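Chains as they are written, first to last, in numbering that gives the first Met the number 0: chain A, 0 to 329; chain B, 0 to 131.
FYI, nobody ran anything at the bench for these hints, they're computed from the structure. Values in this document were obtained by computation on a predicted structure and should not be read as measured data. Check each hint, because a few of them may be wrong.
[Stated by the list, open to error] Only pairs whose alpha carbons sit at most 27 Å apart, straight line, appear in this in silico DSS-like list of lysine-lysine:
#, chain 1, residue 1, chain 2, residue 2
1, B, K116, A, K225
2, A, K328, A, K318
3, A, K78, B, K5
4, B, K66, B, K53
5, B, K127, B, K66
6, B, K5, A, K271
7, A, K149, B, K116
8, A, K225, B, K102
9, B, K47, A, K225
10, B, K47, A, K149
11, B, K47, B, K35
12, B, K47, B, K127
13, A, K225, B, K5
14, B, K5, A, K51
15, A, K149, B, K5
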Amino acid sequence: MKILFPFVAVMTLIIVVVAGVQFANLQFLFGVIIPYAALVTFTAGIIYRVIKWAGSPVPFCIPTTCGQQKSMPWIKQSKLENPSSSLWVIGRMALEVFFFRSLFRNIKTEMREGPKVVYGSDKWLWMSGLAFHWSFLIILLRHFRFFSVKVPYLIHVIESLDSFLQIGAPLFYMTDAVILAAVTYLFIRRIALPQIKYISLAADYFPLLLILGIACTGVMMRYFTKVDVVGVKQLAMGLMTFNPVIPNGIGVLLYIHLFLISVLFAYFPFSKLVHMAGVFLSPTRNMANNSRMVRHINPWNYPVHVHTYEEYENDFREKMKMVEIPVDKE
Amino acid sequence: MYDSGKIIAGLLVFVSIIAFPFVYNIGADIVKPEPKIDTPVIQQMAVKQCVEPKEFMRAEHMQLLNKWRDSAVRDGNRVYVGSRGDHYNISLQNTCMHCHSNKKEFCDSCHNYMAVKPYCWDCHIAPKENSL
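The task is simple: from the sequences and hints, build the whole structure.
Rendered as structure tokens:
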């Protein structure tokens, strides 16, 4: 059920576009209105989520650290793992965002004969996660070719590095193979490992299947069932210049691709995918461990009426004296 | 909102990234490519047609060239039989570019628009054209 539902959902999305484009001529809806609506939803949704997070106070200084904190001058501090200043927090954050540092520490636990619990390194998730995210980024940047007339030099550099094997025509991009392999692994991992399967929900399978659908349609358009690429660029440029055009005969595959991407964008801010923004707002990562140097004021603190000993004594001085309790002030 | 300075800075970066493609294209003059087929060879043809139907060529010419290359260089087969049954000598320079001798106005008009630069011309010789 947890796999079936997202699978049926993605299939339904595909059937909806195919039907809409083939039989109802809804090219303008799927090619212009939905992409714009998805982009607006994405942008507004992320801003909404970030502002909502920013409204929650962080009551304690709670960085999760994994190295020697700043201490005596003769004890070496592990600055990246346990930063005490903003500069090193940025360094730590960069490692997290670009290289998934904390996932690198992922370990597996096994019960061996004995019975004995053993811990071992487990880098597969880290490796495939890294492969997936980086190839996704490179593919996204490469697509800028469709969205600009004067394509920036950097995009050409990325393209030529990605295609430097020079296999076939149009040239084969390595990231296309990497993303398919990585997403497939991430999907199989969820069904093949019983523990992971147990904790996986429909919301875990859906984005994976969606991204798999996007990557597959993209790969199909580039290498197998071709579409009119010049028409695709005309459509994209129309969107970019708010001058939408629907060129004839692009091929339904492009509309499937575009619709699945629109769904991904619109779904993004309201799902686990929003970790893209959330990683920057994680107090366990973005705080410096400086609680010995700087007092963290809990923003929840409000002025509480305190009854000091002095006031207490003022209230009861006479009675205290009567039973011979010593008092501070006579 | 806590840390509003940092939050707003971050959101500004986010919004600029989204807006970048739109801003980048402001004022760009978009010329829709119109590949010209008015070369001397094509003008002399009774039926002006390519080795395969136009729609196929438009979308699949790279794949076709790849097939041609493999067929000539790997299998030594230099004859291509088109879907209409006519025979062509497999050659980039002597067949494609014989008809499409206006590479700059034909191939390059699409390729510049798409920002693709086929590396074929590193080795193969492009037809000599008067206009630059």
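A quick look at each hint next to the structure:
1. B:K116 / A:K225: holds, 19 Å
2. A:K328 / A:K318: Holds: A:K328 and A:K318 sit about 14 Å apart, inside 27 Å.
3. A:K78 / B:K5: Judged against 27 Å, a Cα distance of about 22 Å means the pair holds.
4. B:K66 / B:K53: At roughly 18 Å apart (the allowed maximum being 27 Å), B:K53 and B:K66 satisfy the hint.
5. B:K127 / B:K66: With Cα atoms ~25 Å apart, B:K127 and B:K66 stay inside 27 Å; holds.
6. B:K5 / A:K271: holds, 23 Å
7. A:K149 / B:K116: It holds: about 14 Å lies between the C-alpha atoms, which stays within 27 Å.
8. A:K225 / B:K102: It holds: about 23 Å lies between the C-alpha atoms, which stays within 27 Å.
9. B:K47 / A:K225: Status holds; Cα separation ~24 Å.
10. B:K47 / A:K149: violated, 33 Å
11. B:K47 / B:K35: Cα-Cα ~13 Å, so holds.
12. B:K47 / B:K127: holds, 22 Å
13. A:K225 / B:K5: Measuring from Cα to Cα gives roughly 46 Å; hence the hint is violated.
14. B:K5 / A:K51: holds, 14 Å
15. A:K149 / B:K5: With Cα atoms ~33 Å apart, A:K149 and B:K5 exceed 27 Å; violated.
Hints 10, 13 and 15 from the list above are not met by this structure, while the remaining hints are.
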